[in-house]
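First to last, the protein sequences are chains Y and D.
Taking this note's numbering, the leading residue of the first sequence gets 1, the next gets one more, and so forth.
Taking this note's numbering, the leading residue of the second sequence gets 1001, the next gets one more, and so forth.
Among the hints, erroneous ones may be present.
Below 30 Å or equal to it, Euclidean Cα-Cα: the simulated DSS-like pairs (lysine-lysine) are [what the hints assert, rightly or not]:
#	chain 1	residue 1	chain 2	residue 2
1	D	K1119	D	K1109
2	Y	K2	D	K1119
3	D	K1109	Y	K2
4	D	K1109	D	K1124
Every beta carbon over 12 Å from chain D, so not counted as near; a handful from chain Y, in silico [claimed, not checked]:
#	residue
5	A7
6	G14
7	H24
8	R27
9	T28
10	G30
11	V33
12	G44
13	N48
14	V80
Ranges of calculated distance between the beta carbons of each label pair, as one might list FRET restraints [stated by the list, open to error]:
#	chain 1	residue 1	chain 2	residue 2	range
15	D	E1043	Y	R37	30 to 36 Å
16	Y	R27	D	A1088	21 to 27 Å
17	D	I1012	Y	E11	42 to 48 Å
18	Y	D25	D	K1124	34 to 40 Å
19	Y	D65	D	S1058	34 to 40 Å
20	Y	W35	D	P1076	38 to 44 Å
21	D	E1043	Y	L15	19 to 25 Å
22	Y	A69	D	R1133	32 to 38 Å
23	D	P1076	Y	E11	23 to 29 Å
24	Y	S40	D	R1133	40 to 46 Å
Simulated from the structure, these hints should not be mistaken for laboratory data.
Note that the coordinates shown come from a computational prediction; the quantities given were computed from them, not determined experimentally.
By construction, the Cβ of each residue, glycine as well, lies at the ideal position given by its N, Cα and C atoms.
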Amino acid sequence: MKLVYFASVREAIGLSSEDRDVPHDTRTVGDVVVWLRGQSAEHGHALNDLSRLRFALDQNMVTADALLADGQELAIFPPVTGG
Amino acid sequence: MTEAELSALAGIGGGALSSFTGIVRDDGGVTAIELEHYPGMTEACLSRLIEAATARWSLLGAVVTHRVGIVPVGDPVVVIGVASLHRAEALEATAFLIDRLKTEAPFWKREHYVDGTVKWVEAKSTDDTRSERWA
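Whenever a hint applies, use it, and build me the whole structure from the sequences.
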């Protein structure tokens, strides 16, 4: 699936997006985050604290327990700070 | 940047036009802020917020304009305008739109300081409290 990162998460990982084949037993958004932590030291650091992360699946805001279903694009970012 | 939109709202025939402008503040050596967004999702989110305001209050028109990229101190970051027949609807819908934009719209800002350093702005719990009062 396509992974998209923004703001401090993008900076800490060092990528704005990447394509990854997630394991077959990955069911939820939180499962992807846990798996991604093991992919590099940068991923582990950026995704360390689930409570400080927000998610969008195909551009809709979701929580970590959301099922991936047929989702194509998962975005991971810190709480928003616009306005 | 949105004077044209605001004057269009003023000419729509209502008795009330309310607006909010958010301006980059000189916070202890800040020279500019830099705004990042999620292309596609950000625009869709702003459209949904306007739809929600229009469903909740009797409005004649509403507009939300938000900058991205570098914005220097003193320049507007966000302008919201709402037109309605009477003032209560326009005033409440304007507050709703900025409160919800701050907690829901995918924008992230970082501050640029006079010494060249940059710092991501942290989300504030007071913004969550203000947004939740519209639930």
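Violated hints - listed by number, lowest first: 5, 14 and 16
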